[in-house]
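S.K.: Taken in sequence, the protein lines are chains A and B.
All the letters of the first sequence, read from the start, carry residue numbers 0 to 261 under numbering that gives the first Met the number 0.
All the letters of the second sequence, read from the start, carry residue numbers 0 to 508 under numbering that gives the first Met the number 0.
It is worth saying that the hints were derived from the structure and are not from the lab.
Possibly wrong hints are sitting among the right ones.
[Unchecked claim] Below, a sample of chain B positions facing chain A; criterion: calculated Cβ distance under 10 Å:
1) Ala-12
2) Leu-81
3) Leu-199
For glycine and all other residues, C-beta sits at the position ideal for the given N, C-alpha and C.
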Amino acid sequence: MIPLRALVRKELASLFGSPLAYLTLTGVALVTALIFFDHLRVYNQILFLYSSTSLGGFDADAIPDFVNLRDQVFLPVMETLGLTLIGLVPLVTMRVFAEERARQTDELLQTTLLSPTEIVLGKFAATFVFVALLLLASFVYPAASILRAGLGLEHLAAVYLGLFVLGLALASIGLACSALTASQLVAAVSAYAVAFVFYDFSWATTFTGETLGPLLDALSLHPRFGRFSEGVVRVADLVYFAGYAVVAFAVARLSLEQARVR
Amino acid sequence: MMLGELALAGLVALAFGVGSYYATGAFGAFGVVNVASGGLALAAAAVLALRGWRGFGSPDARRVLTPPLLGLCAALAGSVALERIADARDWRFDLTFERRYELAPAMHELLTSRGGDVRATLFCEQGDPRCRSTRILLETLASASGGRLAWEREELADEPESADRFGITTSNTVVLERGERFAKVERPSEGSLYEAIQRLVAEPAGFLYVARGEGEGDLRRTDDVGYSGFAAALETEGYRLRDLVLAATDEIPADASALLLLAPERELRADAFAALRRWLDGGGRLVVCLDPGQRSGIEALLAEWGLDVPDRLVVDPASGPVAGDPTGVNPIVHQFADHPVARGLGETRMVFFRGARPVIPARKPQADDDLRAVAFSSRRAWLAASGAVADGARPPERPADAAEDYQPLAATGRYPRVGSEARIVAFGDCDFAANRNLRGLYNQDLALNAVHWATERTERITLRPKALPPHQFPLTPQETLRMLYGVGLLVPELLLVAGGLAWLRRRSG
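Go ahead and model the full structure; you've got the sequences and the hints to work with.
M.R.: Written out as structure tokens, the structure reads:
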């Protein structure tokens, strides 16, 4: 357990040793602040318009049903942050295994007391902690606004849980890709490609027809992720995202063992 | 070409091909060529990789690689199996502010015991964000119904014939069908879907006669003071409404499940009273509401059945100002008796009246009769003269001799007789069921449940799902701006400073 903890610490230190980690944290927090503020401002303006007497005041029937916090703020913020994660997470994960392989320090790592499973576990854990920190940094401002407004935090927590599990899935994809190559560029590009392909399989129905639609829908990241923005947390969706981590873990472990055999 | 380059080129082509689809929503030549060439390049790279792979060449390699390979297979199979199990069980948590997807008991009861063979179709335009929440709501309903409600989604653009047939004019419309009947819901919420399903599955519940001709509340009137909403709600519950002009009739029709008397303004004819007495003696059912200041003679009839309705105004200082009226004259009621009419109502599910007179169960006409007050003001209430707020500006002042006490605002009476049982529900206010107030708090539930109790349809007594407020007003623009500067921009700024300092320190160290 102690060597594993040391590996996690080393991975985190390595992550925060580069300016990329801080830039990523800052970037996500800044993007969140700007888009959350912008959507909240527009939403407030729409409500002010509808609250004017000329439009009938706050009569429930006078306000269109799409004017609500969920559709006007949570949903677009979550969509934009999801795409931001797709753009940033592979940049963080690309070096985790590939760099070690390129520098051939992976062989050194294999001579330690750690088993291949523990090595993969340590690298996954450190990356997941970074994803959690990333979202924590971006959570502060929306949470403070929602609390200040006296609204419940639960819905926002569901939104961020969705972002967190999406981040874990993307990190898992990135780690698996990083484990399969010695090139950071190939790791990042392949992570982008896999993430793009899995994000929303609706593109595939162009080639497969509608019959496979429901199956492809069940495999896609986006519809699962979208449910969280509605404030609904389904255990099946959590298991689906956890499945990415488990499978990616198994792929990375297999790759490490294969390198050992070579 | 080397394996790595081939794979990289394939991945880039695939990413750009799929990316072009996400950007435009369709596959053009660029997307198709990229996806096809990317797929081919990846397939070729995979073949090359397999041909060159000697991972399992030796027994040692097989020994080392077999467990992780089996682990990968187990991870895939286990993940799929667990996801399928969780999906079938449909465990979910509703974290929305208004608990939007937690169904009301009435909806559960409707779906599981009465709502069989209902088919819901959600008509949407592509990209309509409202459809996502409607989809989750329909999923929730289908799951709760145990297979008695099925649903599907259709693209509005693909179904012009259905749009014509059902008269669909807007995206996010749900059409509910049962047999040959259908109902259209344009602003789907649990409440609106409940009412639509209720209309489809409701069994005829007999005739409700509504007295007319003496200035009673008008069930056809659709403005604020009309009762068209109450009429629609009664029809949704399965009742068929018929007018009864008391001035022109000597008998209450024998097929009447109940008679509604909504605040008659003028004195009823003696013949009408005689007909009412005969009818109640024979086991008639009467639902009556009387506003303060009205004298129609019904008060005397109610007194014969043990219910006193003095012409006074209940002033309840515990109730704040409602709709611009002075404090206390519109009692907000949260004290209810344990009675079917008030089932489920209480401190968190209140009703409000718009100027009410007391309804006091004073005496039993016969020993077996059961008279009960069902809704009360707070204990700080007192009785003023019925015209005490005629000027409408200031709350009435309590005279020193006016006693404070719980004031009953609605009461019921059961009168078992040989071979029959008469029932009366009396309210000290009628405006609570008028259009402008009916959907407020739980007024509609109290009104409908009173009719159900009077007609002995107690199994229909329930609290119905509420229409959700479509807006939440979080912060003023100034506060929003303050939060952006105080937190939103401060956090990334601090992170950047901390990161810069740490990095500089590492470089110099």
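S.K.: With 10 Å as the cut and Cβ atoms as the points, is Leu-199/B at the interface with chain A?
M.R.: violated (22 Å)
S.K.: Identify whether the interface hint at Ala-12/B stands, where standing means a beta carbon of chain A within less than 10 Å of its own.
M.R.: holds (9 Å)
S.K.: Hint check: is the beta carbon of Leu-81/B less than 10 Å from a beta carbon of chain A?
M.R.: holds (5 Å)
The structure fails hint 3 only (numbered hints given earlier).
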